[in-house]
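So the sequences go chain by chain: A and B.
Taking our numbering, the leading residue of the first sequence gets -19, the next gets one more, and so forth.
Taking our numbering, the leading residue of the second sequence gets 5, the next gets one more, and so forth.
To be clear, the hints were calculated from the coordinates, so they are not data collected in a lab.
Note that the coordinates shown come from a computational prediction; the quantities given were computed from them, not determined experimentally.
Incorrect hints may appear among the rest.
No more than 30 Å apart at the CA atoms, straight line, and that leaves these computed lysine-lysine pairs for DSS-like [stated by the list, open to error]:
hint: 1; chain 1: A; residue 1: LYS45; chain 2: B; residue 2: LYS304
hint: 2; chain 1: B; residue 1: LYS305; chain 2: A; residue 2: LYS45
hint: 3; chain 1: B; residue 1: LYS315; chain 2: B; residue 2: LYS180
hint: 4; chain 1: B; residue 1: LYS194; chain 2: B; residue 2: LYS278
Chain B residues, not near chain A, derived (Cβ > 10 Å throughout) [said to hold, decoys possible]:
hint: 5; residue: LEU75
hint: 6; residue: GLU124
hint: 7; residue: HIS176
hint: 8; residue: ARG360
hint: 9; residue: PRO363
Partial chain A-side listing against chain B, Cβ under 8 Å, derived [what the hints assert, rightly or not]:
hint: 10; residue: VAL(-12)
hint: 11; residue: LEU69
hint: 12; residue: TRP81
Heads up, the beta-carbon is just placed ideally off N, CA and C, and yes, glycines get one too.
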Amino acid sequence: MFSWFGMVSFVPYTKVHEFAVWLKEGRLMGSVCKGCGHTTFPPRADCPECLSAEFAYKEWSGRGKLYSLTTIAAAPTGFEEHAPYRIGLVELEEGGRLLAWLGESLPAAEATVGAPVQVVPRILGEREELRVLYSIERPGTTWGRSPFAAG
Amino acid sequence: MRRVGVIGAGHGRFGRRSDATVQELAFEAYRRELADAKLTRREIDASVIAAVPEYHKQRSVAGVVQEYLNLNPAPTWLTEVACASGSAAIRTAWMAIASGLHDVVAVIGCQKMTELSTAEILALMGRVGEVQWESVFGTTFPAYYALFATRHMHEHGTTHEQMLLTAVKNHHYGAKNPKAMFQKPISLEKALASEPVASPFCVYDCCANADGAVCLILAAEERARSLSEHVVWLDGLGAATASISVLRRPDLTSIPSASQAAEQAYRMAGVSAKQVQVAEVHDCFTIAELMAYEDLGFCKKGEGGRYIEEKRAYIGGETAVNVDGGLKAKGHPIGATGVSMAYEIVSQLRGEAGERQVPDASVGLTHNVGGIGQYCFVHVFRRE
Chain A
-19 MFSWFGMVSF VPYTKVHEFA VWLKEGRLMG SVCKGCGHTT FPPRADCPEC
31 LSAEFAYKEW SGRGKLYSLT TIAAAPTGFE EHAPYRIGLV ELEEGGRLLA
81 WLGESLPAAE ATVGAPVQVV PRILGEREEL RVLYSIERPG TTWGRSPFAA
131 G
Chain B
5 MRRVGVIGAG HGRFGRRSDA TVQELAFEAY RRELADAKLT RREIDASVIA
55 AVPEYHKQRS VAGVVQEYLN LNPAPTWLTE VACASGSAAI RTAWMAIASG
105 LHDVVAVIGC QKMTELSTAE ILALMGRVGE VQWESVFGTT FPAYYALFAT
155 RHMHEHGTTH EQMLLTAVKN HHYGAKNPKA MFQKPISLEK ALASEPVASP
205 FCVYDCCANA DGAVCLILAA EERARSLSEH VVWLDGLGAA TASISVLRRP
255 DLTSIPSASQ AAEQAYRMAG VSAKQVQVAE VHDCFTIAEL MAYEDLGFCK
305 KGEGGRYIEE KRAYIGGETA VNVDGGLKAK GHPIGATGVS MAYEIVSQLR
355 GEAGERQVPD ASVGLTHNVG GIGQYCFVHV FRRE
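Take these sequences, add in the hints, and give me the full structure.
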């Protein structure tokens, strides 16, 4: 199922493949180690601290602060039609960071380093296969179908 | 362990080399290197090839280069750590010689990039970030460094103009380097007006993909002294890594592997940052050169912008940085870059750098970053 995740898929198989299923349900999940309680976002199956392979998913609120951002004008293969697009790094309230596109609810004037943001799960419509992702939005934005035009 | 010195160096022309294969590029540098070292190929015990395989249609490039250089049956192997592959090859050669396994080792950095389109290269390089969580959003290499730049501007008040001043400097010196891809000076106004790439970066913030090759010959002290009158000693080596993912860096205003590698190299060579007269730093993007000034200890953290503004990185300032044009003006054939940096320091310490010679240079440094600092190698060179 992890092949669902992202604008394109590079990683079809992973031990945290259920992340994409949760995202489809509108839930943003990190991981918590059953051995030592270490939490991570993005989730990982193997604990870097105690080496345990036992983990559970834990929901993140998606609230955070914009840590850094850039607008990509020169796009890589497969993304040319989307350029220019904005990507941002979010420092998440429950820990960890995330990289995603900035959504339309966040105008340029509000997309500044340190601004409070909401990470929102998205389903990209009008594609042959299901695609799920998250975008960085103005606080209070709720999840739904992506405003990003389907290619 | 035995002391290791550079006894020969050869540098091919960097640029869009539609006239040659990767092994033909390697040969250009190799021919010059052998002549420089006054060595025959039979005296080379082994070679280490630095190249990033994804850019070549040819698989297993080390074997192809080794044959074309007529170095069979001497052993060869490839080192790959993205843009730091060249310095990894030098470190590997140093280990082979210092350990006593080999006496004379050739390091050959070679790369042919321009057979791929810019968009293909952007996609390939973007995938040096973590593909599972990042590349799926269309990240590019300039975009990763742009995230650093945005953060550096936010925390330290660095300006885009200050970043571009490094490009102005590097083109100023590149204009004096016949091996450089771009040999024309640029103005700050022209740089600021160039096409956007990934904000705040425009075209002149970014180095260019290029083809090219560079060779060095390293030898154990006794052999080095008997073969050469102007040995340049590789006396300090440092190397470190940092997370592959930008999500797990403690901050985005420095390259932690660079400051760690620098500290190791300074300690091993017994020199301080202030003693470094000439440095080659990894200016893949303008912000990377500013962070290098800070990570290497040429100035305090956050003062990189002022360091270039006050021309302290020029010849006649404090530490002369990238006076061969850097990646920016010279071009960045990624496997060859680290070896090219060492080539320039060797030329400088021998006093052979012509109109861009740093007066009386005796201590030089290379700072070669792979990816966004996933890998970093710092080498300190000295002459007697």
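Comparing the hints with the structure gives:
| no. | hint | result |
| --- | --- | --- |
| 1 | A:LYS45 with B:LYS304 | holds (28 Å) |
| 2 | B:LYS305 with A:LYS45 | holds (24 Å) |
| 3 | B:LYS315 with B:LYS180 | holds (18 Å) |
| 4 | B:LYS194 with B:LYS278 | violated (33 Å) |
| 5 | LEU75 | holds (36 Å) |
| 6 | GLU124 | violated (5 Å) |
| 7 | HIS176 | holds (25 Å) |
| 8 | ARG360 | holds (31 Å) |
| 9 | PRO363 | holds (40 Å) |
| 10 | VAL(-12) | holds (6 Å) |
| 11 | LEU69 | holds (6 Å) |
| 12 | TRP81 | holds (6 Å) |
Violated hints, listed in ascending order, are 4, 6; each of the other numbered hints is respected by the structure.
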